[in-house]
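Trainee: One letter stands for each residue in the lines below.
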Amino acid sequence: MNLYVILKRTFDTEEKISISNGEISHDSAEYIINPYDEYAIEEAITLRDAHGGEVTVVTVGTEESEKELRTALAMGADKAVLIDTEELDSSDQFTTSAVLAEFFKDKEYDLILGGNVAIDNGSGQVGPRLAELLGIPQVTTITKIEVNGTDVSIERDVEGDVEKIETSLPLLVTAQQGLNEPRYPSLPGIMKAKKKPLETLEIDDLDIDEEDVEAKTKTVEVFLPAKKEAGKILSGEVNDQVKELVSLLRSEAKVI
Amino acid sequence: MSKKVLVLGEVRDGELRNVSFEAVAAAKEISSGGEIVAVLCGEGLNEAGKALIHYGADRVVLAEHSLLSTYSTDGYVQALLQVIEQEKPEGLVLGHTALGKDLSPRLAARLKSGLISDVTSLEQAGENVVFTRPIYSGKAFEKKVITDGLVFVTIRPNNIPSLEIDESRSGEVAALAVDVKDLRTVVKDVVRKASTGVDLSEAKIIVAGGRGVKSQDGFKPLQELADVLGAAVGASRGACDADYCDYSLQIGQTGKVVTPDLYIACGISGAIQHLAGMSNSKVIVAINKDPEASIFSVADYGIVGDLFEVVPLLTEEFKNVLVKS
Chain A
1 MNLYVILKRT FDTEEKISIS NGEISHDSAE YIINPYDEYA IEEAITLRDA
51 HGGEVTVVTV GTEESEKELR TALAMGADKA VLIDTEELDS SDQFTTSAVL
101 AEFFKDKEYD LILGGNVAID NGSGQVGPRL AELLGIPQVT TITKIEVNGT
151 DVSIERDVEG DVEKIETSLP LLVTAQQGLN EPRYPSLPGI MKAKKKPLET
201 LEIDDLDIDE EDVEAKTKTV EVFLPAKKEA GKILSGEVND QVKELVSLLR
251 SEAKVI
Chain B
1 MSKKVLVLGE VRDGELRNVS FEAVAAAKEI SSGGEIVAVL CGEGLNEAGK
51 ALIHYGADRV VLAEHSLLST YSTDGYVQAL LQVIEQEKPE GLVLGHTALG
101 KDLSPRLAAR LKSGLISDVT SLEQAGENVV FTRPIYSGKA FEKKVITDGL
151 VFVTIRPNNI PSLEIDESRS GEVAALAVDV KDLRTVVKDV VRKASTGVDL
201 SEAKIIVAGG RGVKSQDGFK PLQELADVLG AAVGASRGAC DADYCDYSLQ
251 IGQTGKVVTP DLYIACGISG AIQHLAGMSN SKVIVAINKD PEASIFSVAD
301 YGIVGDLFEV VPLLTEEFKN VLVKS
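Those sequence lines, one after another, are chains A and B.
The first sequence begins at 1 in our numbering and counts up one residue at a time.
The second sequence begins at 1 in our numbering and counts up one residue at a time.
Keep in mind that the hints were calculated from the coordinates and are not lab data.
A couple of the hints might just be wrong.
To be verified - List of simulated lysine-lysine pairs, DSSO-like, C-alpha gap at most 30 Å:
id : chain 1 : residue 1 : chain 2 : residue 2
1  : A       : K107      : B       : K181
2  : B       : K256      : A       : K218
3  : B       : K289      : A       : K254
4  : B       : K214      : A       : K232
5  : B       : K282      : A       : K16
6  : A       : K228      : B       : K143
7  : B       : K256      : A       : K164
8  : A       : K144      : B       : K193
Unchecked claim - Selected chain B positions facing chain A (Cβ under 8 Å, derived; list incomplete):
id : residue
9  : D74
10 : D118
11 : V130
12 : K139
13 : V190
14 : R192
15 : S201
16 : Y247
17 : S248
18 : D261
19 : I272
20 : K282
21 : V283
22 : I303
23 : L314
Ideal Cβ positions, reconstructed from N, Cα and C, are used throughout, including at glycine.
Chain B extracted, bound-state conformation (with noise of 0.2 Å):
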């Protein structure tokens, strides 16, 4: 049975993000052939309406007013309401990120609807979609299905391929003028921390430290070899705890959850509590001093040595197999 479903598209410094093209590709496994319809919440984002039907999108909706140009709880609420109004869907897709993880139960509680957060992937199986997530900070995983009504779930970033571009996919882009007011909480004013600008929770390559870093000057040749591999920087609670970084960095159970690619770490033990932040990590590298450390036992690939000799060696090499290829 198709259905129609609505993926909420994530816009930030002008760009959208990758969850967002993903989260096209799990609207397409939901609606069974129905329309996918996206829609984007601010000012001037005719190209990023673009980009979603070259992604997969059918019909893009544009609400616009100045003050959704900022993400507001109340704002995106109303927004979106008004966009349900008029689109009626039978599923409503959003990426677990800040966005989504502050947005989607709220939208919930108004539409009484069921929610399945942090997605990781989805299959058919008869009548119904059955979506899998981690639960007990990855150390299990469950699959859930909607028993009553919308099909409403936010996907976790860097876990559901988004589908191939297609630049001569065409589609309507219509703009459709909300009603926005009344915002109870207001932002005055956003300190940015995260040094590369690379997000840690939709980086494909993530190179990160522990106590053996030492210091924050220790973090260095990890900034560096990142900087290579276009990854993003994180860290264990150890290397947060001794003020060697800021906690937004910290990787976890408390902290962050990541899934990239490809995991360094550098000189973490691999407490158990790390684990839970990283361990579904596509390939993960250990390198550590200490043969006996934990992260070897789920590491694919494990140095025995010192991180200040081996992370400087690995940025020299692969600078030097990336400027070849």
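Bound-form chain A, shown alone (with noise of 0.2 Å):
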């Protein structure tokens, strides 16, 4: 099988996030695989492991996107492709759905992966939107993957509830969270991935005129939520406290 799994570096959201200049401040910052993409690297490697065949990461990044790159070679991916888009003035879902679209073209893919949603952006669009510039089906936010011959059988999580699908290769995938435990890189692997190629791409490397990238929206603020206010500890018996809650929860909040 050749799989292919489109991962996104990511800023770690479990660090502290501020502002300088109106854009978010990436000073410091830890950077990670997006936690949704650790899923279909997983995923990818078992179904490989299982059918045969080779895992190629890609990602639409910047030369920083390496150090990501290679944590998923130690994982066990085969193959990794960086696709520096530095040079673009304007960057958005489109841009980066084209941008992938694009390098696919003249690949043969059997199944692609990516994570549901990034936990930066969260706007979970360019896996769907790069099966459609392919011309192949998709299934979003899977829990479950079973290949049998180009047969595809699929849980997928709804809103908490399962549906089941069967589909067929080709086919792009994103994943939800209980698809899998992501391994973490073993040491020979971390050895093994140094020698393992990666390969880098810029935007004129692939038949792409920038005009036709260009972003379709434009970020135009960034800001922090308003700081919350000290919430009210209640005391006293425990009795009297929950009487309290809940009468402050009608007549001052007014939720209920």
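Build the complex: two chains, separate frames, hints provided.
Mentor: The structure is reproduced here in structure tokens:
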């Protein structure tokens, strides 16, 4: 099987977020593979081990993303591709998916996997957009996948319910939590990863006219939520606290 | 400049979801007085169509086909493209629901348009409409505009107030026979897991449990409280990892992001990943034995105490006052 994983380097949102010059400050931030993309990598490796083939991880980003690609290689992916889009003036999900579609145009793929959403931007658009541009079916938020020849059985999470789906390759899926437990890179894995192929492509290497991938949306402001005032910790006998709470929720907060 | 805006209504178990009415309100803002056309896919949706008119839609198109009674990506893409071809809207609004998340990027790719996902508020700013959406799991927000073409957004449930219902409003509800074929993904079965039927992402009140509930049985008092309040039950990752409940209940950075009117956190310490999923709730109540638990830092009201003592008392108290009122 030819397996591809599209992954994103993301800001670890466990980090404290601050804003400088109207943008999220990236100084001293920790970066990680988007957690949902880790599920996709793990599943791709598992499927390759069961069915044979190769796992290629692909990211659209800047040269810093090499670190996350190496981590994916250390987990067990075979090859990595970095599409460096630093030179693009504007970029949004329209751009990223158009760039990826151009990359995949001449590739042979059976299954493309990604996370269902990235924890930084949180829009969840690139996977389905790419599937449409490639003209292949998609199944999003999957929690189980079985491949048998070209037949694919999938379970997906739909707001808590489980949908059982039958479809076939080629296919794009996006991973939901519960799909698997991603492995940590082993020490031998990390050593091996250093020798695995990591190809870097620039926009010029792809058949892309910058105007054609220009962003369709623009961020005009970034801001932090208003700081919450300290809450009220109730005191006294527990019975009285409960009575006070119910009364506050009705008269002060007016939510009941 | 007025715009014609299309809204996709979403019907589940025969009922329109609240987010569909909220989407009509968002469309109204985007349209600046232009026509609002709601679309419903499936069969036998006349009544739902009328409800959308009562909530502010000017006209409703029923895209009818037997293959549309269950959602499929291909089926809905095909149907909506036919409606869009007929209506030629300048705006498009969907709910940021499981359906909307699956469908909207695919449709945007086909229409070669931008898409602003998970919008929580919107405002006019000169010629443009500016959309606000959470980023970094709700730790920050961004304001975005569409710079080119179709104004296409999905809205997060429970954030944009729907318009007042007006049952005297009338408008055309017309069927459009659409052509739907060659579905490449087939839904064989749906296993219902969401226990109460109150969906977490749309619930006005959520009662959530963490490691402090200690066992599967420990969720019972939470469920009883939820039943009294008509609330949904949620959980922290800790509770899910410990197998106290199903992952479908998980709220947090991985899991669901929720913004109910009232969030009651029981035995949840408030790990940053959990806060990412609920800290934008309107009112937060924390019940925890540990006065140092970080959940108290986001809580509006806190009770330091054992949830197994506090929650049943709370259930009783709510029963008392809700019966009286």
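Trainee: Are any of the numbered hints broken by this structure? If so, which, sorted upward?
Mentor: none
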